[in-house]
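Enquirer: Now for the letters of each chain:
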Amino acid sequence: MDLKLKIWRQQGPGTKGKFVEYPVKNISADASFLEMMDILNEELVAKGEEPVAFDHDCREGICGMCSLYINGNPHGPDSAITTCQLHMRKFKDGETVVIEPWRAKPFPVIKDLMVDRSAFDDIIQAGGYVSINTGGVPDANDIPIKKENADLAMDAASCIGCGACVAACKNASAMLFVSAKVSQFALLPQGKIEAKRRVESMVAVMDDIGFGNCTNTYACEAVCPKEISVTNIARMNREFFVAKVS
Amino acid sequence: MSGTFSYSSITKKIWMSLFGLFLMTFLVVHLGINLLLLFDPSRELFNIAAHFMGTNPAIQIFQWVLFGGFIVHIILGVILQIQNWMARPKGYKISGTSEDSIFSRYMIYTGIIIFIFLVIHLGNFFVLKMQGAVPEFHHEGAGHMEDMGLLVVNLFKSTGYVIFYVVLLLIMGFHLDHAFQSAFQSLGLSHLKYTPFIKGFGHFFAIVITAGYIIIPLVIHFT
Amino acid sequence: MAKLDSKVPKGPIAEKWTNYKAHQNLVNPANKRKVDVIVVGTGLVGGAAAASLGELGFNVKVFCIQDSPRRAHSIAAQGGINAAKNYPNDGDSVYRLFYDTVKGGDYRAREANVYRLAEVSNNIIDQCVAQGVPFAREYGGLLDNRSFGGALVSRTFYARGQTGQQLLLGAYSALSKEIKKGSVELFTRREVLDIVKIDGKARGIIVRNLVTGELERHGAHAVLLGTGGYGNVFFLSTNAMTSNGGAAWRAYKRGAYFANPSFVQIHPTCIPVHGAYQSKLTLMSESLRNDGRIWVPKKKEDAQKIQKGELKPTEIAEEDRDYYLERRYPAFGNLVPRDVASRAAKERCDAGHGVGNTGLAVYLDFEDAIKRLGRNVIEARYGNLFQMYEKIVDENPYGTPMMIYPAIHYTMGGTWVDYELQSTIPGLFVGGEANFSDHGANRLGASALMQGLSDGYFVLPYTMQNYLADQITVPHFKTDGTEFEQTEKEVQARIDKLFAVKGDETVDSFHRRLGHIMWDNVGMARNKEGLEKAIKEIQELRKEFWQRVKVPGEKTGMNVELEKALRVADFLEQGELMALDALTRNESSGGHFRLEYQTEEGEALRDDKNFTHVSAWEYMGDDEPAKLHKEPLVYENIEVKQRNYKTA
Chain A
-12 MDLKLKIWRQ QGPGTKGKFV EYPVKNISAD ASFLEMMDIL NEELVAKGEE
38 PVAFDHDCRE GICGMCSLYI NGNPHGPDSA ITTCQLHMRK FKDGETVVIE
88 PWRAKPFPVI KDLMVDRSAF DDIIQAGGYV SINTGGVPDA NDIPIKKENA
138 DLAMDAASCI GCGACVAACK NASAMLFVSA KVSQFALLPQ GKIEAKRRVE
188 SMVAVMDDIG FGNCTNTYAC EAVCPKEISV TNIARMNREF FVAKVS
Chain B
24 MSGTFSYSSI TKKIWMSLFG LFLMTFLVVH LGINLLLLFD PSRELFNIAA
74 HFMGTNPAIQ IFQWVLFGGF IVHIILGVIL QIQNWMARPK GYKISGTSED
124 SIFSRYMIYT GIIIFIFLVI HLGNFFVLKM QGAVPEFHHE GAGHMEDMGL
174 LVVNLFKSTG YVIFYVVLLL IMGFHLDHAF QSAFQSLGLS HLKYTPFIKG
224 FGHFFAIVIT AGYIIIPLVI HFT
Chain C
2 MAKLDSKVPK GPIAEKWTNY KAHQNLVNPA NKRKVDVIVV GTGLVGGAAA
52 ASLGELGFNV KVFCIQDSPR RAHSIAAQGG INAAKNYPND GDSVYRLFYD
102 TVKGGDYRAR EANVYRLAEV SNNIIDQCVA QGVPFAREYG GLLDNRSFGG
152 ALVSRTFYAR GQTGQQLLLG AYSALSKEIK KGSVELFTRR EVLDIVKIDG
202 KARGIIVRNL VTGELERHGA HAVLLGTGGY GNVFFLSTNA MTSNGGAAWR
252 AYKRGAYFAN PSFVQIHPTC IPVHGAYQSK LTLMSESLRN DGRIWVPKKK
302 EDAQKIQKGE LKPTEIAEED RDYYLERRYP AFGNLVPRDV ASRAAKERCD
352 AGHGVGNTGL AVYLDFEDAI KRLGRNVIEA RYGNLFQMYE KIVDENPYGT
402 PMMIYPAIHY TMGGTWVDYE LQSTIPGLFV GGEANFSDHG ANRLGASALM
452 QGLSDGYFVL PYTMQNYLAD QITVPHFKTD GTEFEQTEKE VQARIDKLFA
502 VKGDETVDSF HRRLGHIMWD NVGMARNKEG LEKAIKEIQE LRKEFWQRVK
552 VPGEKTGMNV ELEKALRVAD FLEQGELMAL DALTRNESSG GHFRLEYQTE
602 EGEALRDDKN FTHVSAWEYM GDDEPAKLHK EPLVYENIEV KQRNYKTA
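Protein chains in written order, with the numbering used here: chain A, -12 to 233; chain B, 24 to 246; chain C, 2 to 649.
Honestly, the hints are just simulated from the structure, not real lab data. Errors might be hidden in some of the hints.
[As the list claims (entries may be wrong)] No farther apart than 25 angstroms at their CA atoms in a straight line, the calculated lysine-lysine pairs in the BS3-like style are these: (1) K181(C) to K231(A); (2) K79(A) to K392(C); (3) K5(A) to K556(C); (4) K179(A) to K254(C); (5) K34(A) to K5(A); (6) K556(C) to K3(A); (7) K498(C) to K134(A); (8) K392(C) to K(-9)(A); (9) K12(A) to K551(C); (10) K12(A) to K392(C); (11) K490(C) to K556(C); (12) K113(B) to K(-7)(A); (13) K34(A) to K498(C); (14) K182(C) to K179(A); (15) K3(A) to K116(B); (16) K116(B) to K(-7)(A); (17) K34(A) to K551(C); (18) K392(C) to K77(A); (19) K34(A) to K181(C); (20) K183(A) to K133(A); (21) K182(C) to K183(A); (22) K116(B) to K(-9)(A); (23) K34(A) to K503(C); (24) K116(B) to K5(A); (25) K3(A) to K113(B); (26) K134(A) to K216(B); (27) K92(A) to K181(C); (28) K116(B) to K79(A); (29) K183(A) to K181(C); (30) K116(B) to K133(A); (31) K556(C) to K34(A); (32) K113(B) to K5(A); (33) K116(B) to K92(A); (34) K12(A) to K116(B); (35) K(-9)(A) to K113(B); (36) K86(C) to K133(A); (37) K77(A) to K116(B); (38) K113(B) to K92(A).
Isolated chain A (complex conformation):
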């Protein structure tokens, strides 16, 4: 199939960017979206032009490195997948495809479609862990955990930190990301011990960095490649409320 790509090009963080049109021809419907980008880049390199910079790594939907806001959708038009798993059969021959970087103040553009998501690391560093050191821990079966809770914790923990939730949210809110981590620990006895400290400091850092506020539109849940539920946001609100009043 042939496509018309409109891609955001931006030299660096401080510079002005613009959309540039690139036609691509004879793309197989079985190719992945990123392979289509590879083909474009190889053509650009062959012509002596600079290839389009975009983040990607594992190409199997788990590392969370790939991004791309494709025709108004983070990770493109398919559901429950990342861009690397998106295939060209989801597009029509002759279609115009607009590709933009994630847009949010805490995710500044590094180059072209690549953004800096270290804000997520900052939030995790504020409390996304159990404060134990290596060694000296109890036997793994010493504390039984309800299967239902373990499963819910796993649902939340499957977040890949890609930032699609922020990209999709009209407020650029990071609540789904933060609440997934807070929920994972809130559901497990190991995490309960420092629950109050965790939720307060993670939310404080999230606000400080400049993410928007949650207005419960649930766009995040709709685009999340791991289908993380907004009930985690409610759980975090609850955790936060309890922490503040206790």
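Starting from the known structure of chain A, fit chains B and C onto it as the hints suggest.
Expert: Just chains B and C, lined up with the frame of chain A:
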């Protein structure tokens, strides 16, 4: 922004939802009184109720609480919205539409429109009342009181006002439709079993309240 | 020939590690702050080791190639992690895990290392649970186990199909805690381009900042590499795009011996290649072989018609299907080990029975399983995998058989390390897939995660301390010394040389060509002629690369093509060493299959008399052949046997 406004985003959201829910109870009470005009065309019940609301000392105090509630809800809403705009200084060429409900996108706009309506509404009734420009109503038991009902009926005779009123009430309905379940979510009241009911009830609530308010001018206008 | 000292402690195998720890040197708490450690990579090894060393009080600098430590490729491991907990009460023990791992590795791993691995495996599970890793549980609230290939017990702990992700996020959380505390400093989007040696010891690294393009110097008392394997030499593999053996290869060129480079694992159940533009192969969990039946058409004509799209697999009658694994290995059937299953698939496709439009695929059929168990059961077991397959291939595996083909998955070979995981460069430690130590010639499922976390949490924090104990008087390293300057100059010269070529062929194109040479000759089935041919072709391709490669853009700033070019330049050297190693190992063992050395039935034939050793290669210069050193492998606690999968 947390430097300039030291409450965290979630704290603000919790207050936002508490006041929102509080304002919803006010809507219910207000609707109840308004409906008296339909059940009693003599306006007697309506005027007694309005008189009670306007003179009872407890209600008088409560009125300021209500007023404060509006103000806090509005101020918080504006602050949250400004922060939200600041969180995405550069927008998308093609903006997405993945939201659960279309109304949730436009809460600030529906909110502002409701606020403007509120000002006009207060102008129509509250200010006239303050000026003592409301006609009198004679009641056998309670004696003289203001004929607030007549004010309403007169207003609703105007086709333009009825259209204005209906449109604004519909907008308020959109606001309510998202607001109800959103308030529960912000308060962390989410449960696998009950949340679907809350969501359903939210839609029901928005429709019933809106329909209730709208039916009054329509009936008065066409009878 | 220099003798390789594996430094295995004396005493009975079960007491070696305890004795080592009891007698090793330690650094007093006040002195730890005086000592700097560099950790390269934030996967299971790097993340866990950096966190643990930070907790102990060392000054740690940790480097990752991605934008966040949470994205290292350990994250992609699906199945699980082994441990000798014996929770199911089915007879597991440290010895049994040790035994299975050595046997699974076809008796080419070092006993003492593997025993220690089995010994600390239980601590890993305890540690991860305490960190809040949500392992699968039973209704009683206790941890669930499942069985995996190569074992008679259920000892695999798992978190859905995302065990690697959850374990990595556990290590990442511990690392985040230490970064917050200030004991660990994080450097993201950095790639190591060389190791700096001072007086023969590893004292630092030269990294390229992938965003600014600047070269940076970092010094430390010791350097740890947790940089993963070199599977991307093959171009197509299940590795991530940035996975590269670059740091380990640079260490090799600075004097660290490289062990068993030819030991590469080929995973039998991957989604087949679908086009020349393909960038990556996707693994489908090995667990599918529990219920799926593998077959190809018996008649070549049928296979050809299928390749042309004239015939559907569902139209082929039962008697015209060849369930070749069940036919060849009646006892194990579709559940033979990875290396055996992979070779059998290749054999059928080479004989012209392959399916798919390329003819390089076999069927994995669930029709019988669905008939026997019902669609619901299959959906519950493999639903997510079926969905992933459908997203990628656009075929519904409930209605038509899946297509699979083997793909490069893991490299057992790596930097030679002793018992302390120290390379032949003092102060340079190497853990996880980047070293060679624990998996011999073939890795069992669910063992890679075990090794990564064992090295990272429980081995390296001890052994590195033993090394660092006499380093406390050495002051922090200034990076303006001659050694740093000289090494950076050499790195810069390499970059300049790449730009100077100004050729006409893209880096990817060279990489793809190298991949073809490797896959055809140094892949699943190797022979003398092929390997000799590969060495010659790689040498020619390397020459061509340096004459014709095209690297656009600038030296400063981000330049993805330059990054790739530097990696491919290393791959072009490493591929040759892999072929050379395969050529000199005149036997078949595990993932290394030489066509000349097989039984009459076509099974791998080891030569224990001549090849029970580790082949460690020493770099002798760009134009000199690498020099082979042999570390003899001594089996005192395990009887060496021929593997047999035909009868139980």
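Enquirer: Taking the hints in turn, state whether each one holds.
Expert: Evaluated hints:
1. K181(C) to K231(A): holds (23 angstroms)
2. K79(A) to K392(C): Given that 25 angstroms is the threshold and the Cα spacing comes to 17 angstroms, the pair holds.
3. K5(A) to K556(C): holds (23 angstroms)
4. K179(A) to K254(C): violated (49 angstroms)
5. K34(A) to K5(A): holds (20 angstroms)
6. K556(C) to K3(A): Holds - the C-alpha atoms of K3(A) and K556(C) are around 22 angstroms apart, at most 25 angstroms.
7. K498(C) to K134(A): violated (58 angstroms)
8. K392(C) to K(-9)(A): holds (23 angstroms)
9. K12(A) to K551(C): OK: K12(A) and K551(C) at ~23 angstroms, within 25 angstroms.
10. K12(A) to K392(C): Given pair K12(A), K392(C) holds - Cα atoms ~23 angstroms apart, limit 25 angstroms.
11. K490(C) to K556(C): holds (14 angstroms)
12. K113(B) to K(-7)(A): OK: K113(B) and K(-7)(A) at ~17 angstroms, within 25 angstroms.
13. K34(A) to K498(C): Holds, because 21 angstroms separates the two Cα atoms, which is no more than 25 angstroms.
14. K182(C) to K179(A): With Cα atoms ~21 angstroms apart, K182(C) and K179(A) stay inside 25 angstroms; holds.
15. K3(A) to K116(B): At roughly 15 angstroms apart (the allowed maximum being 25 angstroms), K116(B) and K3(A) satisfy the hint.
16. K116(B) to K(-7)(A): holds (10 angstroms)
17. K34(A) to K551(C): Measuring from Cα to Cα gives roughly 10 angstroms; hence the hint holds.
18. K392(C) to K77(A): Status holds; Cα separation ~10 angstroms.
19. K34(A) to K181(C): violated (46 angstroms)
20. K183(A) to K133(A): holds (22 angstroms)
21. K182(C) to K183(A): Measuring from Cα to Cα gives roughly 19 angstroms; hence the hint holds.
22. K116(B) to K(-9)(A): Answer holds: K116(B) to K(-9)(A) is near 16 angstroms, not above 25 angstroms.
23. K34(A) to K503(C): Since the Cα atoms of K34(A) and K503(C) sit roughly 13 angstroms apart, the hinted pair holds (cutoff 25 angstroms).
24. K116(B) to K5(A): holds (11 angstroms)
25. K3(A) to K113(B): With a Cα-Cα distance of about 11 angstroms, the restraint between K3(A) and K113(B) holds, given a limit of 25 angstroms.
26. K134(A) to K216(B): Holds - the C-alpha atoms of K216(B) and K134(A) are around 18 angstroms apart, at most 25 angstroms.
27. K92(A) to K181(C): holds (23 angstroms)
28. K116(B) to K79(A): holds (20 angstroms)
29. K183(A) to K181(C): holds (18 angstroms)
30. K116(B) to K133(A): violated (46 angstroms)
31. K556(C) to K34(A): OK: K556(C) and K34(A) at ~18 angstroms, within 25 angstroms.
32. K113(B) to K5(A): holds (12 angstroms)
33. K116(B) to K92(A): holds (16 angstroms)
34. K12(A) to K116(B): Since the Cα atoms of K12(A) and K116(B) sit roughly 24 angstroms apart, the hinted pair holds (cutoff 25 angstroms).
35. K(-9)(A) to K113(B): At roughly 24 angstroms apart (the allowed maximum being 25 angstroms), K113(B) and K(-9)(A) satisfy the hint.
36. K86(C) to K133(A): holds (20 angstroms)
37. K77(A) to K116(B): Since the Cα atoms of K77(A) and K116(B) sit roughly 21 angstroms apart, the hinted pair holds (cutoff 25 angstroms).
38. K113(B) to K92(A): Holds, because 8 angstroms separates the two Cα atoms, which is no more than 25 angstroms.
Hint compliance for this structure: hints 4, 7, 19 and 30 are broken, all remaining hints hold.
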